[in-house]
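Residue numbers (the UniProt record's numbering): 1 to 437.
Honestly, the hints are just simulated from the structure, not real lab data.
Watch out, some of these pointers could steer you wrong.
Result set (DSS-like, lysine-lysine): computed pairs, CA atoms no more than 30 Å apart in a straight line [claimed, not checked]:
| id | residue 1 | residue 2 |
| --- | --- | --- |
| 1 | K398 | K344 |
| 2 | K331 | K398 |
| 3 | K294 | K280 |
| 4 | K251 | K397 |
| 5 | K251 | K149 |
| 6 | K294 | K397 |
| 7 | K344 | K280 |
| 8 | K280 | K251 |
| 9 | K398 | K280 |
| 10 | K397 | K331 |
| 11 | K398 | K251 |
| 12 | K344 | K366 |
| 13 | K294 | K331 |
What you are looking at is a predicted structure, and each value in this text was computed from that prediction instead of being measured.
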Amino acid sequence: MRISQSGFAARRQQLMDQMAPGSVAVIPAAADVPRNRDVEYPFRQDSDFYYLTGFNEPDALLLLIPGRSEGQVVIFCRDRDPEMEIWNGYRAGPEGVCKQYGADQAYPVAEMDERMAELLEGRARLYYSMGSREVLDGQVRNWLNDIRKKARLGAVAPSEIVMLDHLLHEMRLFKSAEEVEVMRAAGRISAEAHVRAMKACQPGLLEYQLEAEITHHFAMNGCRLPAYSSIVGGGDNACVLHYTENRDKLKNGDLVLIDAGCELDYYAGDITRTFPVSGKFSPEQQAVYELVLKSQLACIEAIHPGVPWIRIHDLSVEILTQGLIDLGLLKGDLEGLIESGAYKTFYMHRIGHWLGMDVHDVGDYKVNGDWRPLEPGMVMTVEPGIYISPQNEQVDKKWRGIGIRIEDDVLVTENGYEILSAGVPKSVAEIEQLMAR
Numbered sequence: 001m002r003i004s005q006s007g008f009a010a011r012r013q014q015l016m017d018q019m020a021p022g023s024v025a026v027i028p029a030a031a032d033v034p035r036n037r038d039v040e041y042p043f044r045q046d047s048d049f050y051y052l053t054g055f056n057e058p059d060a061l062l063l064l065i066p067g068r069s070e071g072q073v074v075i076f077c078r079d080r081d082p083e084m085e086i087w088n089g090y091r092a093g094p095e096g097v098c099k100q101y102g103a104d105q106a107y108p109v110a111e112m113d114e115r116m117a118e119l120l121e122g123r124a125r126l127y128y129s130m131g132s133r134e135v136l137d138g139q140v141r142n143w144l145n146d147i148r149k150k151a152r153l154g155a156v157a158p159s160e161i162v163m164l165d166h167l168l169h170e171m172r173l174f175k176s177a178e179e180v181e182v183m184r185a186a187g188r189i190s191a192e193a194h195v196r197a198m199k200a201c202q203p204g205l206l207e208y209q210l211e212a213e214i215t216h217h218f219a220m221n222g223c224r225l226p227a228y229s230s231i232v233g234g235g236d237n238a239c240v241l242h243y244t245e246n247r248d249k250l251k252n253g254d255l256v257l258i259d260a261g262c263e264l265d266y267y268a269g270d271i272t273r274t275f276p277v278s279g280k281f282s283p284e285q286q287a288v289y290e291l292v293l294k295s296q297l298a299c300i301e302a303i304h305p306g307v308p309w310i311r312i313h314d315l316s317v318e319i320l321t322q323g324l325i326d327l328g329l330l331k332g333d334l335e336g337l338i339e340s341g342a343y344k345t346f347y348m349h350r351i352g353h354w355l356g357m358d359v360h361d362v363g364d365y366k367v368n369g370d371w372r373p374l375e376p377g378m379v380m381t382v383e384p385g386i387y388i389s390p391q392n393e394q395v396d397k398k399w400r401g402i403g404i405r406i407e408d409d410v411l412v413t414e415n416g417y418e419i420l421s422a423g424v425p426k427s428v429a430e431i432e433q434l435m436a437r
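Please work from the sequences and hints to get the whole structure.
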């Protein structure tokens with residue numbers, strides 16, 4: 001399942017329609033990143049560049065030049081090189097970029113400095129995300145200076161540099177029907193992987209062996225890599241929000257928290273489930289789990305167009321704080337505990353984040369200083385949690401080391417919401433029944 005080339009073309013046109021007259025946008029691709037000697041990390045394209053091109057090679061550069069008679073879409077890419085392709089794989093080359101990826105013109109990246117002044121000259125505004133690529137920032141300055149040196153010949157350099165992020169990231173925040181289909185598939189594959197992990201879990205496994213069950217399912221369903229480093233934290237490790245070592249042995253009587261999602265055609269799934277290693281919750285584990293689940297279900301039910309994003313978070317705080325009082329883990333009145341932030345000892349993160357091509361996806365949470373209302377096409381995670389540190393001596397020992405988070409991916413629809421990750425169980429009864437089998 002992939003985004004069509006017509007979809008990429010429509011995005012480019014949508015962006016150009018928002019650009020000022022007489023402007024040009026410059027969007028770089030990602031580069032290969034060294035891992036260690038003679039070894040590189042698996043290549044992952046820059047999300048903004050891929051969103052506009054679907055082109056998956058490093059070191060490229062996209063220019064969008066609305067109204068240019070010779071062509072509005074220009075791409076610089078690596079040239080064909082039979083010798084290098086023997087070592088490192090095939091390249092599309094300029095001709096392939098035009099044929100396969102919708103460029104009007106394409107040139108070898110080696111010609112970039114030679115041609116760029118001509119492409120930028122006469123444009124009043126340059127859209128470019130200055131500060132994100134140090135080397136390219138220097139090149140952009142040089143290109144502009146090359147134009148300025150020819151001012152006596154009538155050359156005019158862009159007089160204004162504007163960050164492209166706001167226009168482009170606002171587009172990415174709202175998912176098209178085609179994107180939603182890909183994200184549904186990513187949610188389904190991710191959910192199936194979590195089910196597989198629940199079925200495979202048993203005391204004595206190492207955390208990374210449970211991670212392997214998930215990664216295997218991703219790969220067998222068209223997702224070579226996860227969308228982010230998977231978290232598989234057993235016991236006390238579940239209380240570490242971004243625990244990724246995944247090297248400890250899973251123990252009978254402990255919980256294991258798994259936060260993992262696949263990446264399908266550059267779109268992320270992001271699911272968290274917490275369940276007992278042995279398949280059976282203890283009374284204390286179940287009490288905390290039921291509280292987190294109550295909060296998550298209420299927050300999901302509250303999602304519909306017009307609700308401010310922050311209201312979903314505030315609701316999670318209200319429910320979790322009252323539950324912590326009821327369990328005896330906090331003492332005081334609800335309003336005072338919320339105002340003082342006392343709940344943050346147990347719940348220190350927000351309710352969720354935007355989801356899309358990046359797991360913590362782009363898009364503003366506030367507009368003109370106000371928390372933005374939810375709108376159809378947005379996708380967000382809903383992931384309340386309670387983490388009772390094993391070092392927290394202010395609570396009874398029976399609670400210490402319990403870390404629970406429950407996370408789903410939720411699409412805002414015209415009439416409410418759709419859970420994209422609904423295929424993995426999350427009630428106590430469903431989990432215990434699944435693991436018993």
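Going through the hints against the structure:
no.: 1; hint: K398 with K344; verdict: holds (20 Å)
no.: 2; hint: K331 with K398; verdict: holds (17 Å)
no.: 3; hint: K294 with K280; verdict: holds (19 Å)
no.: 4; hint: K251 with K397; verdict: holds (18 Å)
no.: 5; hint: K251 with K149; verdict: violated (70 Å)
no.: 6; hint: K294 with K397; verdict: holds (24 Å)
no.: 7; hint: K344 with K280; verdict: holds (28 Å)
no.: 8; hint: K280 with K251; verdict: holds (13 Å)
no.: 9; hint: K398 with K280; verdict: holds (16 Å)
no.: 10; hint: K397 with K331; verdict: holds (17 Å)
no.: 11; hint: K398 with K251; verdict: holds (16 Å)
no.: 12; hint: K344 with K366; verdict: holds (22 Å)
no.: 13; hint: K294 with K331; verdict: holds (20 Å)
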